[in-house]
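Novice: Sequence:
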Amino acid sequence: MPDSAPPAYDSNPPPQVDPRPVGLPTVFRIGSQTLEEPIVQPKHVKCHLNLLRAFHELREKVEAGTDTRIPPSVRPMEKDQRWAWFVGLAVERFDRWTKCIRTRASESTVEWLRREGPPIDVWMVWHAYLLNPRSYAEDCTRFLKRFGDMPPGLFLDALGEIGDITSFVPSSLRSAAWSSKTKTPYDPFDALGSLTDYELTCPSCAADIRAPYINESGTGYAQQNFSFVCACKFEITREKLALLKFTNDLALDHHDSITVLKHGKAVYLPMTLRTAESSEDRYRANAIKDLLLLSRPFKPKTTKAKGKVMKTPFEMAESVNWSMSQTRTIPLRAKNPRIVSRILTAYSDLRPYSVELSGAVLRQATFVKKMYDLGWTEPNFFDDPEDEVALSHAIVRYHAFLDLMSSSPSSFFVPTLDIDLVWHTHQLQAADYQRECKKYTGRYIDHDDKVEETHLSNAFDLTCRAWNARFHVPYMHCGCPLPGDTVGQKLSRLVTHMGMKYNPKIPVPPEHPAMLAATHPSDHNSIVVPDLPHQDAHRRQRERKIERRRQRDAELVRQGRMRQDVYDRGASHNAAFLVRCRCIGAEWVGASLAPEIL
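Here the sequence shown stands for residues 1 to 598, where the numbers follow the UniProt record's numbering.
What the hints contain is simulated information worked out from the structure, not anything from laboratory work. Keep in mind that a hint or two might mislead.
[Claimed, not checked] When the alpha-carbon atoms are kept at most 27 Å apart in a straight line, the in silico DSSO-like pairs for lysine-lysine are as follows:
#  : residue 1 : residue 2
1  : K301      : K369
2  : K145      : K181
3  : K99       : K262
4  : K439      : K145
5  : K262      : K299
6  : K369      : K61
7  : K240      : K301
8  : K369      : K145
9  : K145      : K262
10 : K311      : K240
11 : K46       : K99
12 : K99       : K181
13 : K439      : K43
14 : K265      : K99
15 : K301      : K43
16 : K262      : K311
17 : K245      : K233
18 : K265      : K245
19 : K265      : K240
20 : K311      : K299
21 : K99       : K233
22 : K46       : K265
23 : K43       : K99
24 : K299      : K265
25 : K265      : K43
26 : K145      : K79
27 : K61       : K145
28 : K439      : K46
29 : K79       : K369
30 : K181      : K233
31 : K245      : K145
32 : K245      : K46
33 : K311      : K46
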């Protein structure tokens, strides 16, 4: 065999193409640690945005109510009620899926998708669940071991394989397997006709009951005022089911080896096993449960024949009059006296999850809508390198956000929309998120998506101050960039301060409203708490301030002292977040940028 010819030699080899996305620095710093690669990649953010687009389109289809597969009894509903009903059914389908899913350690993402890939409505519930990382991680430890055993990054890797989930068509074998295991068709709209009743057991007489999901009186299981009167005259409500689930969990003897062997770590109450410092603090979980069992409502009965006998779950619930609010007021000699309220947030019905999944999906819809309104969910929106800089900008800011949290472990910081998008994307890589938060910030970082509105507003003001003090640039760019100061120039100051290299020759984020508006505060987790009467007065006060500012800024526009586009951008901020306006030279920095906070 003749010798093969030697390789050709080129004295001028082609230049190496930098594979790094445009705009990403070469190093990132979080606390005292330096990273050569970002912990969230632009491709992951793009994949996440594609998923959010699918969720938005699904919601629009449900709210339109024109699909013939939507039951006639549901079509007259208001669109938001119809969406809430659909989400409730999606949670039911997710719950059924969790009971039959299997994960093999050596299995590829493609094979897992072929065998276990869920429908889009189940993806949506899983997505919202992952965005409550403490609850999700603890639940994986307590009872969702199949999810905890999944390969890191499976959620996003699987979506990357699918591409456009709206056009995904499962194999006939997958559809048949899903229908067999969950007793519903694969397509969520085909499933609507089969999800008419919810099966449960009467807490009083143990009779099997089929409660309708919806009825004309608004008391169906998927409706807000669920109520069902059993033949034994016991009225079943969601509050009673939740309380019974709590007392059932409380009654599991965590000191009995047989019970522990049977139930595993599910013997511990939710929100007690995982802390910011430890992924599994059994001593704390045991101590909290012991304290609750020694409290007066749940204390064991004393009989002459048997001595002390633990109350049954039903008796425990009766001892607090089947009232969650009464249970919350139980005094405990604990370091955190509000621990009971914290635990009870994990109980909303009979399901085992530590977060109320329907509410989690509904809360995320606000964030999805904001991403859609920005245009970021449009197909190929970031394909142009100049536009991809905006994602690089968001990724850099997220690393800075983690750096800020590492510098002040006890503070509560509020992200802007662009930071929150990258933060959410990181949380979708559940195992990696937990490990990297612990590694780089020294603790596990939760993402609370239900924060009282006034607290969120105050915390955002503090975040602006802390960010400006640490990085010497404003937290938001959406109101009015300073004269001659582009977003890219501000970003270069930020990365220089963090010890990062930033090439000034690369494109900067374009001065486009959608790019600037992404630094608005992320308020999708702002909620109104009915038990706080003062918050209405706070809201009215904030709204009056905003109205006065808008009137003043309109006069400045008329006088030529403020640009019209600046005035228009100032209208986009939610009233929950107020930032003082200040004058720089002849131009006013509007109510969305200035680092001088109220």
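Novice: Now tell me, hint by hint, if it's right for this structure.
Specialist: Going through the hints against the structure:
no. : hint        : verdict
1   : K301 / K369 : 53 Å, violated
2   : K145 / K181 : 19 Å, holds
3   : K99 / K262  : 17 Å, holds
4   : K439 / K145 : 23 Å, holds
5   : K262 / K299 : 24 Å, holds
6   : K369 / K61  : 14 Å, holds
7   : K240 / K301 : 22 Å, holds
8   : K369 / K145 : 33 Å, violated
9   : K145 / K262 : 14 Å, holds
10  : K311 / K240 : 17 Å, holds
11  : K46 / K99   : 31 Å, violated
12  : K99 / K181  : 9 Å, holds
13  : K439 / K43  : 23 Å, holds
14  : K265 / K99  : 17 Å, holds
15  : K301 / K43  : 59 Å, violated
16  : K262 / K311 : 20 Å, holds
17  : K245 / K233 : 20 Å, holds
18  : K265 / K245 : 16 Å, holds
19  : K265 / K240 : 24 Å, holds
20  : K311 / K299 : 7 Å, holds
21  : K99 / K233  : 32 Å, violated
22  : K46 / K265  : 37 Å, violated
23  : K43 / K99   : 31 Å, violated
24  : K299 / K265 : 23 Å, holds
25  : K265 / K43  : 36 Å, violated
26  : K145 / K79  : 37 Å, violated
27  : K61 / K145  : 34 Å, violated
28  : K439 / K46  : 25 Å, holds
29  : K79 / K369  : 15 Å, holds
30  : K181 / K233 : 34 Å, violated
31  : K245 / K145 : 20 Å, holds
32  : K245 / K46  : 39 Å, violated
33  : K311 / K46  : 53 Å, violated
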